[in-house]
Amino acid sequence: MSSITTTPQPNEPNGKQSHITSYPKFIGRSLWLATEGSFAFYAWMTMLTALFLVGANAWANQVAGGMIATNMTDQVSWGLYIANFTFMVGLAAGGVMMVIPAYLYHDRKMHDVVIIGELLAIAAIVMCLMFVVADLGRPDRFWHMLPIVGKFNWPISMLTWDVIVLNGYLLLNLHICGYLLYMRFLGRKPNPTWYIPFVMLSIVWAISIHTVTAFLYCGLGGRPFWNTALLAPRFLASAFVSGPAFIIVSMVLIKRLTGVGGLDQPIATLTKIIRVTILINLLMVASELFTEFYTGGSHVSAAKYLFFGLHGKTALVPWTWTAIGLNVTAALLFLWPGLLRLRWRPLLVTACLMAFVGAWIEKGMGLIIPGFVPSTLHEIVEYVPSQLEWKVTVGIWAFGLMVFTVALKTALPTLKHPAEH
Amino acid sequence: MTTTENARKPSLPIVENFTRRAAVKGGFATLGAAAFVAAVSPLRQAAEDKSAAEFMQQHYTELSPQQKADVIARLEAEAKENYGADVTIADDRPIPGTKFVYAINLSVCNGNGKCVEACHKENNHDRDTNQSYIRVLEMPKGTMDMEKGNTTYTGAVPQDDKFYLPVQCQQCDEPPCVDVCPVKATWKEEDGIVVVDYNWCIGCRYCEAACPYHARRFNWKKPEVPADEVNPDQSYLSNRIRPVGVVEKCTYCLHRTRRGKLPACLEACPTGARVFGNILDKDSNIRWILENKRVYILKEELGTKPAFFYYFD
Ligand code: SF4
Ligand code: SF4
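Protein sequences appear in the order of chains A and B. Residue numbers for the first sequence follow UniProt numbering, so the first one is 1 and each next one is one higher. Residue numbers for the second sequence follow UniProt numbering, so the first one is 1 and each next one is one higher.
Hints listed in this document are in silico derivations from the structure and should not be mistaken for laboratory results. Take these hints with a grain of salt, some might be off.
Distance condition first, Cα-Cα at most 27 Å in a straight line; then the derived BS3-like pairs of lysine-lysine [said to hold, decoys possible]:
no.: 1; chain 1: A; residue 1: 255; chain 2: A; residue 2: 409
no.: 2; chain 1: A; residue 1: 391; chain 2: B; residue 2: 221
no.: 3; chain 1: A; residue 1: 313; chain 2: B; residue 2: 162
no.: 4; chain 1: A; residue 1: 391; chain 2: B; residue 2: 222
For clarity, every value in this text was computed on a predicted model and none was experimentally measured.
Build out the structure end to end from the sequences listed, making use of the hints.
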């Protein structure tokens with residue numbers, strides 16, 4: 001990244017080489033190290049590669065044969081891909097929940113591991129971009145979306161805003177992670193002026209990516225289910241559940257597999273964060289449901305479809321109630337003070353997984369699909385993702401996990417011997 | 001705090017057996033790359049259907065007259081090659097001083113669906129999916145709540161206790177579909193018609209989500225039209241056969257109306273429920289109707305300002 005190669009003071013004691021040669025060397029070394037590992041690591045990566053290839057093949061077939069291979073229709077014109085996209089934006093934004101305690105509240109312990117959240121954000125944004133490409137009818141025309149060479153409908157279209165903020169967030173996190181790890185590689189103390197302002201910016205930016213993504217939907221007057229001012233805050237609340245939940249599970253695994261120490265306190269901090277956010281999320285869901293059902297009228301039909309089915313069509317009902325069950329159970333578990341005890345770790349992981357899957361359904365199938373059912377002419381056309389859509393989705397998830405695994409491996413030396421920064 | 005002494009040593013360990021491991025890793029990387037190429041090989045076939053000229057083509061509004069002529073020649077050749085049909089594709093531009101509006105007399109419409117069929121043929125819609133830009137709702141009398149309507153009614157029409165509400169693109173004056181398009185592939189022309197550059201649309205379908213009238217259609221697959229059924233009178237911005245993966249919509253038959261003819265749905269309507277014309281023309285029939293009938297529009301509360309009106313006698 002150019003912002004890194006322009007780092008000043010190239011003549012410091014051990015800065016004899018220019019960054020132009022040593023940064024690529026750092027990347028090469030990191031990649032080399034990231035592909036070193038135990039048998040289990042290779043098995044994991046091989047499995048992810050295989051899943052990714054299945055997804056790539058399914059996507060290639062979709063491009064060759066047209067999107068008829070998906071189960072989307074003119075009535076339900078977005079499906080599993082955009083559902084996952086929305087959720088992944090949340091995960092990326094949720095990664096910042098590590099940053100806030102670390103830098104805003106000067107939590108020393110968080111400082112050492114804050115990079116995990118940033119690496120998660122990188123992997124999640126990569127997945128977001130892949131889901132958007134998978135959803136395009138004409139991916140060969142993606143360049144039309146680029147500023148200058150294409151035709152950018154800015155500032156009117158919320159989608160162009162989304163492109164900007166997502167790519168900006170990606171660059172921001174690449175810069176922060178790249179800079180910190182690179183300084184570590186050079187054996188230097190990171191210079192705060194080169195990352196603290198970016199870290200602060202990333203907090204604001206994380207909020208912006210999810211807000212803009214919410215505006216994508218809630219700005220559409222013709223879709224009453226989405227057309228609510230509560231959508232953006234709701235997005236953020238559930239993001240601040242799913243992001244920390246994912247990181248907690250990652251940290252438990254890292255501790256197990258690599259012997260990195262000092263993770264228990266960050267895990268406790270994140271658990272305390274989820275205790276609050278999960279309740280805020282449930283509260284907002286409840287107030288939305290109240291306005292929908294108590295008022296009644298035509299606005300309620302999408303919510304009715306979601307919870308109880310409409311005119312005998314019930315495809316989403318099982319999804320919805322699963323999500324509610326998971327979210328409520330997870331919330332109860334998180335409220336229990338004993339959850340933080342070391343011997344209850346498996347229970348904490350379970351609670352995190354429940355909250356994670358619950359948010360995935362709520363933000364995905366539970367949010368995108370009911371926006372389209374009933375359609376604007378009140379037709380009820382149901383949607384269940386096709387096998388091809390599942391394959392592409394799994395492929396993208398596998399790729400994202402690959403990126404995350406490799407990124408974590410790169411950061412492991414730093415995590416094992418946290419330096420002052 | 002780590003000592004500076006320690007911190008200065010590069011923290012990544014020097015890997016032993018570098019060459020042997022490099023060879024193994026290189027082998028795996030090659031294998032992975034080969035598997036990836038094999039996995040995405042269907043893309044090659046998709047790429048073969050598309051020419052470099054098509055890939056590089058600029059937005060409609062940025063084409064020079066010469067470029068436009070080249071594009072149109074290429075599209076005509078492609079129609080011949082892919083559909084076996086000789087077609088002419090014109091570049092019909094708005095007539096200055098024209099603003100087209102449409103009106104439907106709901107007292108007269110009897111839901112026979114001839115407009116739907118005419119649209120299907122006129123606009124070279126995919127035969128397989130029986131696509132059309134028009135949907136007719138069968139509605140119980142005494143309500144305008146579309147939720148009570150039914151788009152898939154069958155049997156004899158008209159039913160006594162029902163009325164019929166044809167819905168197509170309302171050519172909104174504040175079109176949400178245009179606002180949301182990330183690449184300006186859709187826009188409103190001076191005569192009020194909202195058009196799509198089918199060679200610029202990226203197929204994100206955001207406009208489909210934004211349109212409150214279900215007026216947009218996506219080409220989920222390559223449209224199928226037998227050679228002898230292709231309507232050869234085409235225009236770049238309207239009824240030419242659309243490529244796969246892009247969105248399309250009603251254009252008030254601009255390849256007809258900009259040449260002084262009436263829309264195909266109006267000509268096909270056996271009851272005379274449909275009225276079309278230039279609202280800027282003081283003597284037009286449509287102007288008289290809008291001035292003298294009790295006219296209303298659909299989903300007025302959304303502020304889309306349709307150029308499509310409904311009235312009862
Ligand atoms: S009816 Fe729909 S497609 Fe037509 S102009 Fe309005 S928003 Fe656009
Ligand atoms: S589908 Fe095409 S016309 Fe519609 S918003 Fe996307 S790019 Fe624009």
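Hints, verified against the model:
Taking the CA atoms of residue 255(A) and residue 409(A), the gap is about 13 Å. The hint holds against a cut of 27 Å. For the hint linking residue 391(A) to residue 221(B), the alpha-carbon distance of about 20 Å falls within 27 Å, and the restraint holds. A distance of roughly 24 Å separates the Cα atoms of residue 313(A) and residue 162(B); the hinted pair therefore holds under the 27 Å criterion. Pair hint residue 391(A) plus residue 222(B) holds up; C-alpha atoms about 23 Å apart against a cutoff of 27 Å.
Of the hints listed earlier, there is not a single one the structure fails to meet.
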